[in-house]
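Engineer: Next come the chains, spelled out residue by residue.
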Amino acid sequence: MKARSSGCCDWARLAGKLTACACGLSLAAAAGFGQFAGFSAASVEPAPAVALTPGAAVEVPVSVRIRKGYHINSNRPLEDYLIPTKLSWDAAPLVVVSIDYPQAEEISPSFSAKPLAVYSSRIVIRTRFQAPAAETGLSELKGKFRFQACDDKSCLPPQTIDFSTPVRR
Amino acid sequence: MPNRLLRLTLSAVVLAAACGTSGGGSETVAAEAAAAGETIWLPDFSLKDANGKEFTKADVEGRVVLLNFWATWCGPCKIEMPWFIDFQRKYKDRGFMVLAVSLDEEGWEVVRPFTTELKPNFPVLLGNDAMAEEFGGVVALPTSFIVNKKGEIVTRHTGLVSKSEYESEIERLL
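Protein sequence lines, in the order shown, are assigned to chains A and B. According to numbering that gives the first Met the number 0, the first sequence holds residues 0 to 168 in order. According to numbering that gives the first Met the number 0, the second sequence holds residues 0 to 173 in order.
If a hint is listed, it holds; no wrong ones were tucked in.
With a straight-line cut-off of 25 angstroms between C-alpha atoms, the simulated DMTMM-like cross-links for lysine to aspartate or glutamate are:
hint, chain 1, residue 1, chain 2, residue 2
1, B, K91, B, E116
2, A, K85, B, E104
3, B, K149, B, E170
4, B, K77, A, E105
Chain B is nowhere near these chain A residues, computed Cβ spacing over 10 angstroms in every case:
hint, residue
5, A46
6, A55
7, A56
8, P92
9, S120
10, R125
11, F128
12, T135
13, K143
14, F162
15, S163
Note that these hints are calculated values from the structure, not bench results. Here a beta-carbon is modelled for each residue, glycine too, at the ideal position from N, C-alpha and C.
Please put together the full structure from these sequences, using the hints given.
Structural biologist: The following block contains the structure:
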């Protein structure tokens, strides 16, 4: 067997002890393809409850943690073939006024002749909602976070994470 | 089950990825299988190209095969494609063949423009869950399998490896 990077996991041990490595395995994200196993390079962090005031605007931050060694495409990738990061909401009757993505960093990975606009480590995406004049009765705001991650040698499939932000009454 | 060991090792790739590594690397499947007293054979498959022409395991029997899983959204995959065109041109007459299997969810709608531009000299096929499962699941792209003339899977590469590494393997098997 040829050498391979191992991190905290040794390949030989892995073959016999697939569940033994305590490295914070995250299986939360829904992969776009069934054949890709449920590994996710990013996770949406739990958000504090949002207070809604009838008729007022409110800003909701969504924090996303990106696994070390990986990047995800920004919401405006520099290449057409890349899948952009996208946050979407199912929060009616609230109206989405704006979704502000953070500024991307430009990297030049070995696999790309052109720079890529990406996010890494941790990002915060801020959504501004307008609440209707009447009480909404909402107990949570449901969202979807879609992204596609790569490291410097390989890419994971596009994934969508369903999440919710509680609404404080 | 022929691909039992593949399932085992690919599962380990998943876990390696979970541990903060890419999960990438090259594995000498034949050596692992031999150690376990098994041979890992190329699974049966039946996939179509953009023109609807069907390709099966029978179409590649007796050849050294580089079977590559890729997708249009995968940057590292695009680095390899020109290499594969070179390999196909250089080694085709010696019993070598590249098969590129796209795992794009959107299918030919996104794959066809890419292949129109690339003009591959090897079959580009559209993959599916069933086929990827037969190969033990695909955890990251690109993933390539090298198959010898007997139909035995010799090596699996997960992630980008060097052109010279592929080439030396192909030369060795021809």
